[in-house]
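Undergrad: This is what each chain is made of:
Protein chains: 2
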Amino acid sequence: MKVAVLGASTSKFGELWSLSPRVLLKEVVTEALNSSHLKLGEIDAIFVGNMLSGILGGQEHLGAFVAEELGVTIPAFKIEGACASGGLAVHAGVTSILSTLYKKVLVVGIEKMTDHKPEDTTSALMGAGSDEERTSGATFPSLYALIARAHMEKYGTTEEQMAQVSVKNHYHASLNGKAQFTFPITVDQVLKSPLIASPLKLLDCSPVSDGAAAIVLSSENEITQKIKPVWITASALATDTLGLAQRKDLTSLSSAQKAAQKAYKQSGLKPEDIDVAEVHDCFSIAEIIAMEDLGFFPRGLAAKNIALGKTRLGNKLVVNTSGGLKASGHPVGATGVKQIVEITNQLRGVAGKKQVKDAQIGLTHNVGGTGATAVIHILRN
Amino acid sequence: MKVAVLGASTSKFGELWSLSPRVLLKEVVTEALNSSHLKLGEIDAIFVGNMLSGILGGQEHLGAFVAEELGVTIPAFKIEGACASGGLAVHAGVTSILSTLYKKVLVVGIEKMTDHKPEDTTSALMGAGSDEERTSGATFPSLYALIARAHMEKYGTTEEQMAQVSVKNHYHASLNGKAQFTFPITVDQVLKSPLIASPLKLLDCSPVSDGAAAIVLSSENEITQKIKPVWITASALATDTLGLAQRKDLTSLSSAQKAAQKAYKQSGLKPEDIDVAEVHDCFSIAEIIAMEDLGFFPRGLAAKNIALGKTRLGNKLVVNTSGGLKASGHPVGATGVKQIVEITNQLRGVAGKKQVKDAQIGLTHNVGGTGATAVIHILRN
Numbered sequence: 239m240k241v242a243v244l245g246a247s248t249s250k251f252g253e254l255w256s257l258s259p260r261v262l263l264k265e266v267v268t269e270a271l272n273s274s275h276l277k278l279g280e281i282d283a284i285f286v287g288n289m290l291s292g293i294l295g296g297q298e299h300l301g302a303f304v305a306e307e308l309g310v311t312i313p314a315f316k317i318e319g320a321c322a323s324g325g326l327a328v329h330a331g332v333t334s335i336l337s338t339l340y341k342k343v344l345v346v347g348i349e350k351m352t353d354h355k356p357e358d359t360t361s362a363l364m365g366a367g368s369d370e371e372r373t374s375g376a377t378f379p380s381l382y383a384l385i386a387r388a389h390m391e392k393y394g395t396t397e398e399q400m401a402q403v404s405v406k407n408h409y410h411a412s413l414n415g416k417a418q419f420t421f422p423i424t425v426d427q428v429l430k431s432p433l434i435a436s437p438l439k440l441l442d443c444s445p446v447s448d449g450a451a452a453i454v455l456s457s458e459n460e461i462t463q464k465i466k467p468v469w470i471t472a473s474a475l476a477t478d479t480l481g482l483a484q485r486k487d488l489t490s491l492s493s494a495q496k497a498a499q500k501a502y503k504q505s506g507l508k509p510e511d512i513d514v515a516e517v518h519d520c521f522s523i524a525e526i527i528a529m530e531d532l533g534f535f536p537r538g539l540a541a542k543n544i545a546l547g548k549t550r551l552g553n554k555l556v557v558n559t560s561g562g563l564k565a566s567g568h569p570v571g572a573t574g575v576k577q578i579v580e581i582t583n584q585l586r587g588v589a590g591k592k593q594v595k596d597a598q599i600g601l602t603h604n605v606g607g608t609g610a611t612a613v614i615h616i617l618r619n
Numbered sequence: 239m240k241v242a243v244l245g246a247s248t249s250k251f252g253e254l255w256s257l258s259p260r261v262l263l264k265e266v267v268t269e270a271l272n273s274s275h276l277k278l279g280e281i282d283a284i285f286v287g288n289m290l291s292g293i294l295g296g297q298e299h300l301g302a303f304v305a306e307e308l309g310v311t312i313p314a315f316k317i318e319g320a321c322a323s324g325g326l327a328v329h330a331g332v333t334s335i336l337s338t339l340y341k342k343v344l345v346v347g348i349e350k351m352t353d354h355k356p357e358d359t360t361s362a363l364m365g366a367g368s369d370e371e372r373t374s375g376a377t378f379p380s381l382y383a384l385i386a387r388a389h390m391e392k393y394g395t396t397e398e399q400m401a402q403v404s405v406k407n408h409y410h411a412s413l414n415g416k417a418q419f420t421f422p423i424t425v426d427q428v429l430k431s432p433l434i435a436s437p438l439k440l441l442d443c444s445p446v447s448d449g450a451a452a453i454v455l456s457s458e459n460e461i462t463q464k465i466k467p468v469w470i471t472a473s474a475l476a477t478d479t480l481g482l483a484q485r486k487d488l489t490s491l492s493s494a495q496k497a498a499q500k501a502y503k504q505s506g507l508k509p510e511d512i513d514v515a516e517v518h519d520c521f522s523i524a525e526i527i528a529m530e531d532l533g534f535f536p537r538g539l540a541a542k543n544i545a546l547g548k549t550r551l552g553n554k555l556v557v558n559t560s561g562g563l564k565a566s567g568h569p570v571g572a573t574g575v576k577q578i579v580e581i582t583n584q585l586r587g588v589a590g591k592k593q594v595k596d597a598q599i600g601l602t603h604n605v606g607g608t609g610a611t612a613v614i615h616i617l618r619n
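One line per chain: the protein sequences are A and B, in this order. Numbered per this note's numbering, the first sequence spans residues 239 to 619. Numbered per this note's numbering, the second sequence spans residues 239 to 619.
Note that these hints are calculated values from the structure, not bench results. Any given hint could turn out to be false.
Identical copies look the same in the list; a pair holds intra-copy or inter-copy alike.
The calculated DSS-like cross-link candidates involving lysine-lysine, where the alpha carbons are at most 30 Å apart (straight line), are [stated by the list, open to error]:
no., residue 1, residue 2
1, Lys500, Lys548
2, Lys595, Lys464
3, Lys430, Lys264
4, Lys250, Lys554
5, Lys542, Lys464
6, Lys554, Lys355
Required output: the full structure, derived from the provided sequences and hints.
TA: Below you can see the structure in the form of structure tokens.
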């Protein structure tokens, strides 16, 4: 597989009450096109990753909405898979290039979540789960709390180790001007933050966010001398049951394991080849499990290694340089696209203060719900 | 382009209060697989066309939902583009086969619309339009009424000619056991039916419906002797403004014209080559405009020709043998897939009483909203 990322851009993530979807879209698309040295007229199709525009905004024609806002009449699609919508949109974009039907495409992830009553957003997010979870009143923190309890029981993972995930990601975000939270935090602050769903505290949880991200993809044949492309060398996904009750095991996500196996096979790479990864830390426990599902650490040893700082900036493998979902923010449909933007910037060496030295190979891990969808991309120079 | 339709199935369309999405899904997928001589385990990915599962059902992870219901963990996507969601899902399926990432894929269209309060469904459907249309209280009948008025003024199209569209489609549906309305109607009945949005009467409007449809697609290399495939020789789409106020002209859909031009170019075929077509007659005027956008009749002459019975069963070009959206029903996400099912059955010669004699080439025309998205497929033996 050889699809190029020509350009990439992300907006600031946060509570962006003064910015409409229109403004966010234009900002990231303009920047992604500029960094691709392309004009909008050269783009053949648009893939939009978004989860909540229908439930929260009443808008269920988002592909055409984005095309109209940009002033074009090219093919446009909304791709939806809960919090993995962005990753699925990237995969759809990659597929469209490989099909040769389209030569240069734009992938946009966008979500506006903070303009609504918090209970409406929380309820809408349960659209990612099973009917039973939704109607029984479960929320995502409560579902990930069950996962955390199972992991603690099986492997002895501790609340302090989970807190270390948030501490690392806030540290990385403090180097990222576009992150929602740019302040560092301590383990003590995490442990003393309000309990949300035991054992998860407020600072174990990613926030509700607004934001957008965009990338431009093309085939190998479209590369001009102006561009130093980053190559997508694997794009793979798998699914699992929507609900936790139907799973054999809560201590790993089988969708992420399957998608990772496919991605490593597609690229001919191994976990130890990865220099930098953006993973789906919607809750601190999720990053611990991701490290194990992706093969970065043996089962039961990720928490300890994260707590030892092994995935912090300055190490051989650096995870969530953007600050992850926890600290960079989690506008759900944008997250999977933003992960590609961050890895692209890292591999181009333009990631600023959070640059991983000589990063050559990167991975993204985007999850929908509690793992009913998982999408993995591997990128390289 | 050479992608094969291996198998195809549609459920009955109608007010299916006793049938859940789960039941509808399993019915159409089982039949589509059986007619493909394939087992579920041979399918590589699932593309789901749906518009309203989020707004009306709270479910925003529909790809994984369908995969779970079928008992598989393969890649699954929801593709959304309002009433063109089904056609977009077919296009995404075609693209995935051409990419060579997937060898055999399932495309499913599904919608449950009648289990809700009618005003909720009407309001949710406005998700296909512009913010301005939605917030000003416009409904789709009122928007298509404006289109009808413009067409009447420019070309002298009459209410009686529009009524003839519904009369023809009800006649075709009377030969289709899976149609929502299997009774014939007369021009007089249409003209005397309750006024919805002048000049459109109740019997100019497609109904609110439940239903599902499924097809199996593969590359040329996957064909076994058991199967007589139908080939997708063109798959094209275009977009336009969401709102009518931004259009230069209301008497044609520029998205449909552009998509049709691309589709004819892709296939090397011309309008006069088409034997049978399924077009998006959400309102009677929409079929008249479709005939002109697709090049079947010169501008301003379609209404007259339809009224003369030129697109009725028994003629050189037959339109909406299923009964169209008007009489077969319009479960929005299912419609674009059902159109492919109907054309596949026609080209295979298994369309029963509504069979077009010696049909060799067919076309589908699926529209989102008032034409912000249009998807055209051309199929041939």
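Undergrad: Return the numbers of the hints above that this structure violates; sort them in rising order.
TA: 3, 5 and 6
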